[in-house]
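Here my numbering is used: the first residue of the sequence shown is 194, the next is one more, and so on.
Please keep in mind that the hints were generated in silico from the structure rather than gathered at the bench. These numbers were taken from a predicted model, which means no experiment stands behind them. Glycine included, every Cβ here is placed at the ideal spot set by N, Cα and C. Please note that the accuracy of each hint is not assured.
[Unchecked claim] Here are the in silico distance ranges between beta carbons for each label pair:
#	residue 1	residue 2	range
1	V230	T335	54 to 60 Å
2	G224	S293	44 to 50 Å
3	S273	L332	23 to 29 Å
4	S273	G224	46 to 52 Å
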Amino acid sequence: YSGSDKIAVLSVSGVDSDQTYTCKFTANVGGSVTSTVDLDHVTITATNAVISSGDSVNLNCILTGGSQVPVAKKWFDGTSTEITVNDGNPYVFYSTGVTSEGQNFILSVATVTQPTTYTCCYQFVAGSCIETNAQVDILSITPIGAKTE
194 YSGSDKIAVL
204 SVSGVDSDQT
214 YTCKFTANVG
224 GSVTSTVDLD
234 HVTITATNAV
244 ISSGDSVNLN
254 CILTGGSQVP
264 VAKKWFDGTS
274 TEITVNDGNP
284 YVFYSTGVTS
294 EGQNFILSVA
304 TVTQPTTYTC
314 CYQFVAGSCI
324 ETNAQVDILS
334 ITPIGAKTE
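Starting from the given sequences, assemble the full structure and let the hints guide the process.
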């Protein structure tokens, strides 16, 4: 703590459901202050794709669980650079809103010519991204009887 400010930090790992934690500060002279913190468990899944070189692809990033609304949704390309609306083609992204599957944030890529890992991120008030990857692989077709080098 610093001066009269007292801060308690709780680090939690391995959470697989919503949890509530209680913090109680007790003064030396008696009395206490209690505060609760609700931990909202969410799951993020993304679709992978296998396409022919030069094809377009739609990648889904689905958020399920949780009652908090994300303050930001982001996609990053294979170089960890954030994809923005100013990037124009070949990127377009949009949200389908909340469905029975969850909240879907879609990245549409007009042309993919090499295997690429895209990263989807949902950011909440706490600040850090909760993310997952969507892998796009390029289908390689070798005709029967063709020589491979």
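Hints versus structure:
1. At about 57 Å, the beta-carbon gap between V230 and T335 stays in the expected band of 54 to 60 Å.
2. The given range of 44 to 50 Å is respected by G224 and S293, whose C-beta atoms sit roughly 48 Å from each other.
3. Taken as a hint, the range 23 to 29 Å holds for the pair S273 and L332, whose Cβ atoms sit roughly 25 Å apart.
4. Checked against the given bound of 46 to 52 Å, the beta carbons of S273 and G224, roughly 50 Å apart, stay inside it.
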